[in-house]
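Peer 1: Could you put together the complete structure from these sequences and hints?
The sequence shown runs 1 to 145 under the numbering used here.
Note that these hints are calculated values from the structure, not bench results. Predicted model only: the values in this text are computed from it and were never measured. The C-beta atom is built at its ideal place from N, Cα and C for all residues, glycine as well. Possibly wrong hints are sitting among the right ones.
[Claimed, not checked] With a cut-off of at most 25 Å between alpha-carbon atoms, the simulated DMTMM-like pairs for lysine to aspartate or glutamate come out as follows:
1. K137 - D66
2. K72 - E19
3. K11 - E85
4. K72 - E126
5. K9 - D68
6. K137 - D106
7. K9 - E126
8. K8 - E126
9. K137 - E40
10. K137 - D62
11. K11 - E126
12. K8 - E85
13. K9 - D66
14. K9 - E85
15. K137 - D103
[Unchecked claim] Pair ranges (Cβ atoms, derived):
16. P28 - E126: 44 to 54 Å
17. D103 - G43: 17 to 27 Å
18. D62 - A42: 45 to 55 Å
19. R64 - Y133: 39 to 49 Å
20. R134 - R64: 12 to 22 Å
21. L113 - K8: 17 to 27 Å
22. F127 - A24: 38 to 48 Å
23. L39 - S130: 17 to 27 Å
24. N35 - Q59: 18 to 28 Å
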Amino acid sequence: MNAGGPLKKDKLFLFGAYEHLYRALPVPITVNAANQTALEGAGIPTSQFGTAPSVQHAQFLDVRGDWDVNQKNRIFARANYFRNEYPFNTAVGGMNLISAEADFRDRAHVGGLQWVGTISPQMVNEFRFSYPYRNEKHIAGALTG
Numbered sequence: 001m002n003a004g005g006p007l008k009k010d011k012l013f014l015f016g017a018y019e020h021l022y023r024a025l026p027v028p029i030t031v032n033a034a035n036q037t038a039l040e041g042a043g044i045p046t047s048q049f050g051t052a053p054s055v056q057h058a059q060f061l062d063v064r065g066d067w068d069v070n071q072k073n074r075i076f077a078r079a080n081y082f083r084n085e086y087p088f089n090t091a092v093g094g095m096n097l098i099s100a101e102a103d104f105r106d107r108a109h110v111g112g113l114q115w116v117g118t119i120s121p122q123m124v125n126e127f128r129f130s131y132p133y134r135n136e137k138h139i140a141g142a143l144t145g
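Peer 2: This is the structure we're talking about:
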């Protein structure tokens, strides 16, 4: 979903976008029957051999403002936000049981500012500044050793 347009004709503009992603990505455990029987005999619960209910849940938000100060100066500002929740993301599936899982959480915040100044028809000056921040975590599951 996105929207945008002028706030003040030929002077000030605002644009924005939002995206939401929610998708199931189940991960099957493929331990063979003989090994599963042996592991269950050693005390591993049957629930560890199912399919991991992995679901990715991500959100994106982008906002940008443009300001035509005058014919020789323009300023642009933008902000971006990203968030991702992804349980059962790491190490699950195949020969790894559900208890090997770790949840993945990811966040990003980015801000930017740009100024473009026209000094003459042959010379343009530009200043850009950006501040990115990202935080990623792998959170071990309750049964992870």
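Peer 1: Run every hint past the structure and note whether it holds.
Peer 2: Hint check results:
With a C-alpha separation of about 34 Å, the suggested pairing of K137 with D66 is violated against the 25 Å cut-off. With a C-alpha separation of about 35 Å, the suggested pairing of K72 with E19 is violated against the 25 Å cut-off. This hinted pair does not check out: K11 and E85 have alpha carbons roughly 39 Å apart, beyond 25 Å. Among the hinted pairs, K72 with E126 is consistent with the structure: their alpha-carbon atoms are about 12 Å apart, no more than 25 Å.
In summary, the hint linking K9 to D68 is supported, as the alpha carbons are separated by about 10 Å, within the 25 Å threshold. Taken as a hint, the K137 and D106 pair is honoured in the structure, with Cα atoms around 6 Å apart against an allowance of 25 Å. For a cut-off of 25 Å, the pair hint linking K9 to E126 stands: about 24 Å separates their Cα positions. A distance of roughly 24 Å separates the Cα atoms of K8 and E126; the hinted pair therefore holds under the 25 Å criterion.
In summary, the hint linking K137 to E40 is not supported, as the alpha carbons are separated by about 31 Å, beyond the 25 Å threshold. Taken as a hint, the K137 and D62 pair is honoured in the structure, with Cα atoms around 23 Å apart against an allowance of 25 Å. In summary, the hint linking K11 to E126 is supported, as the alpha carbons are separated by about 19 Å, within the 25 Å threshold. With a CA separation close to 38 Å, the supplied pair K8 and E85 exceeds the 25 Å bound.
For the given pair, K9 sits about 12 Å from D66 by alpha-carbon distance, which is consistent with the 25 Å threshold. At most 25 Å may separate the alpha-carbon atoms for a hinted pair to count; K9 and E85 exceed this at roughly 40 Å. The straight-line distance between the Cα atoms of K137 and D103 is roughly 8 Å, inside the 25 Å bound, and the hint therefore holds. Here the CB-CB span from P28 to E126 is close to 52 Å, well matched to the stated 44 to 54 Å.
Distance hint check for D103 and G43: the Cβ-Cβ separation is about 25 Å, which falls inside the suggested range of 17 to 27 Å. Taking the beta carbon of each, D62 and A42 are about 51 Å apart, inside 45 to 55 Å as hinted. Our hint of 39 to 49 Å for R64 and Y133 is violated, since their Cβ atoms are close to 18 Å apart. Restraint check, R134 to R64: a C-beta distance of roughly 20 Å satisfies the suggested window 12 to 22 Å.
The given range of 17 to 27 Å is respected by L113 and K8, whose C-beta atoms sit roughly 19 Å from each other. Between F127 and A24 the Cβ separation comes to about 45 Å, which falls inside the hinted range of 38 to 48 Å. The given range of 17 to 27 Å is broken by L39 and S130, whose C-beta atoms sit roughly 50 Å from each other. Under the hint 18 to 28 Å, the C-beta atoms of N35 and Q59, about 40 Å apart, miss the expected range.
Hint compliance for this structure: hints 1, 2, 3, 9, 12, 14, 19, 23 and 24 are broken, all remaining hints hold.
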